[in-house]
Every structure is written in structure tokens, then in C-alpha cells.
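Enquirer: Residue numbers (the working numbering), protein chains in the order written: chain A, 2 to 243; chain B, 143 to 398.
By construction, these hints were calculated from the structure, which means they are not laboratory data. Some hints here could point you the wrong way.
If we take Cβ atoms under 10 Å as the criterion, some of the chain A residues that face chain B in the derived model are [claimed, not checked]:
#	residue
1	T100
2	F101
3	E104
4	V161
5	G188
6	H191
7	H210
Each residue gets a CB set at the ideal place from its N, CA and C atoms; glycine is no exception.
Here is what each chain is made of, one letter per residue.
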Amino acid sequence: MCASSVIPGTTLGATRRIRISSGAATGQLARQRPAQPVAWTEAEAIRLAQAGNAAAFEFLYQLHGRRVYALCLRMVGNPADAEDLMQEAFLQLFRKIGTFRGESAFSTWLHRMTVNVVLMRLRKKSLPTDSLEETLEPDAENSGPKRDVGAPDLRLSGAVDRVNLERSIEKLPPGYRTVFVLHDVQGYEHNEIADIMGCSVGNSKSQLHKARTRLRELLQEEIRQQAREERKAAKTPSGSLD
Amino acid sequence: MHCKELESVLEAEGLGQLSKDARLHLATCGACQGFVADLNTIVTAAKSLPVEVTPPDRIWISLRAQLEAEGLIKEPVEVSEPSSWWDSLTAWMKPRTLATAAAALVLATAIYVTRIPRNNQPDVAKNQPKVEAPRPAQPQLTASVPSSPTLPSSAAPSKPQTPSKAKELAPSPSESASFTLNQAELDVPNMQLAGNSQVDLALRQNLRTLNAFIAECEQHLKQNPQDELAREYLYTAYQQKADLLAAMMESGRGDN
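My request is simple: use the sequences and hints to build the entire structure.
Expert: Okay, here's the thing in C-alpha cells:
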């Protein structure tokens, strides 16, 4: 599967010249931003950031911040934690930027750091999303496609919207969630994910397939739940509250 | 191929290119067709999710504060890069401009009032109309400034100027200032400004710098007469020169 979007830090992202304007900045941020827009390549900005240049730090933050924030948001499911994690990830990045030698793409390096920060936090805090893993059948990953005998038609086609997909992604186990978000949402290739996650390409593929399968089950459960609620609402007499 | 084998293929290869066996199985197995269709639905839906989400500004504010606290942000050290004469002079002028303008004008006026009568006193005593004599000489006095060895040859005032041209460069308030300054400057070359020769040297150096700046301002105004900023700088330079000359004369008076 190919990435459908341009990823900062890939060959194209690393060499293109990017202009960031501070025109939309407001308040304190506006005062801290450079008065003039800067136009650097990512490599130039990294070099300057390694020398402690504040504008270069901000340039890199502006360049990658939105993707990192999206990743954090999907990983933890709530903005407050996502903000916290994003800040932590960038802080680690800037602390270690002096050691970046360009052996891997900068965005890969950043995402690896972000994923590590997020997974570490999820392990430490045992966020409620983890507990759902236990509720799933242990043999679900090893069985064939689930077939619900006698169940209503649970084909997902036309039934998956953004809301229930986001909600289901939040319920995935962290490992699956990470691979799914990186591959199917953010468009990373398996070799990049393997680099970010520190695993093999085969492992990344396997995790992705399991994530999709699990997601299918979660979405089916969502649909069932919706169907139950609709039935319940239909049974309730309309004038019962009067 | 069985359903389980198909799933192994999907796990290893993804939903892309399936083998012939896998395609054959899919063609005959409704459950697997549904399964693959669902996975494709999920993949399509996932691609519609936004890849980027704009974070709140407060994250960068907080991050930057943290970076500064940890000393990771190092403010760039001022490096004396060769910049344009205009930029450097502009930068040099700015801090003093407003603070000294009023004081310099007062000083210049004071010098004018105290020195001119003393110099012209014999003439005044002999013949009252001769008091007016220096007035027509104003252009000459202006022209004599450039003859000072401290000024560069390109300095605008060094070229003989018609009064109208001088007026164009320096409107009325600065005309008298210019006259006064140039007259005062005539005394400077012969004056021992301070007991300390280093101070003397520094004062003269400052005067040279100011003269050069005035000359460049005038030159700039010749080329761009509508440049209000240059005109403002010229006024300020006159004021600063008055300030400096006052200081020099005070110093000379004190020491001589």
C-alpha cells in the first residue's frame, strides 16, 4: 500500500524549501515569533536548531507539529493528554537534536520518539483503553474471519463514519493502534513503521492486519449497539413520559 | 485454499496484490469476500481521517519556555557582518535620537548666542550694519565645512552649494543649526580639546563620523528628496553634531 500523501522527512520533505509565515500568530506567541517569515529547507533548520537557534526550533515544530499532534491525539484519545505528550516528544527531540546525524529521515526519528513517549505513558498510566484488550477473545487473532451466525448483516460498507471509526481506533490496543494510525491514517510505509517501532517489516504487516481485523470487530460491535438502541427507542411508547 | 490460508496471505501481503489462489478462493467464498470488503472499507475510511491536526498555540509557548529554561535555545551572538552603510548608520543613530534631540538644540542655540556676539564684538562697536556681514557669508561657511580635513571628499556640504540647494536639503530650522555648527566647527581644528590626547582623539573621531554621516544623508537626500526618514536622520545628525561640538568646546575651554 502506498502512502497517499507527502510525508515530511522523506526525500521530498527533506529537500523542499518551506516557507512559514508568522502572520496568523496572536498574543504571546506572535511576540515570540520571528517578524519575518523564514524559508529554510528542513536540513538547514536542523543544522540551525543544533546550534540553538530559536527560530529553527520553531520552524521544525511548525513543520511537523500538526502530524505529531494528530498522532498523539489518536493514540490517547483526549486533547489534554495529547498536548502533554506532544510537548514531551518535542522536548525530547530538541534535547537530542544535537545527536541527529541524518541516518534516518528526521520525521521518522521524530515519530519514533513520539511513539516511544506515547507508549511509555500508556504503559505507565494504564489508560482505560488498555483494559479493553482483555475483553477481546484471546483467540480472535488466530481464528479466521469472524462470522456471526444469525446476526444481522454487519457488513461495514456504508456504516463506517468518521465518528465511530475514531471511537473504535481509540479502543484498539496501543500496539495495533500505533501501526494502524501510522500506516492507514498517516500513510507511512511498513519499512518506515518498522524503523519507528523498532520491529521487522513482517511484524509491522502482521500487526496492521490484526489491527484492521480487531477494528472490524469493534466497528461491528458499534453497529450492533446502535441497532440495539434503535430497537429500544422504537419499543418505547412515544407518550410514555406524559 | 481455505479461509484461514487466505487470512495468512492477507496478514503477510496486505490487501494489495493477491495471488491467483487467493483470488480464486475469494471468488467462491462469500464470508471471505465480506471480510475483505470490510477491511477495504476500514482502509478507505482511515484515509479520509485528517493526517494533520493543528495543535493549540499554548503548546509551543510552553515548549519554548521549557527550551529556554533548559538553555537549549541560544540567542544568536551579534556578529559584525558587513551591512549597508544605511543600516549601520540607522542603527547607530536610533538610540540617541529622541533623548538628545531637545538637549542638543538648546545647546546649539546657547553656543550660538554666547559665541557670536563675542567674535563680532569689535565689528559691532565700529559699525552697526557690519553685524549683518556674516549673514551673506552663510553659504561660504557651509562650504567651508567640507574643507575640513576630517570630512571625506564626497561629503555633500563640501561641494559649493547654492542657498536654494542647501534649503532643499535642510529646511529652515536646520539651516541656522547648520550655519552655527559649521561656524563652531571652524574653531575646533585649532583647539586642544582635552588634556588627555586619547579623549581628544576620540572626540575628533566622533566628529568625523558625524560629518561623514551628515554628508551621506545629504547625498541620499539629493538622490531621494522625498525620503522623510533620511531628512529626519539629517536633522538628528545636526543636533548630535551640535551636542558634540558643545562638548568639545566646553572641554577646550576648560583645558585652555
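Enquirer: Would you mind marking each hint as holding or not holding in the structure?
Expert: Here's how the hints hold up against the structure:
no., hint, verdict
1, T100, "13 Å, violated"
2, F101, "14 Å, violated"
3, E104, "22 Å, violated"
4, V161, "5 Å, holds"
5, G188, "7 Å, holds"
6, H191, "8 Å, holds"
7, H210, "4 Å, holds"
Hint check: violations occur at hints 1, 2, 3; the rest are consistent with the structure.
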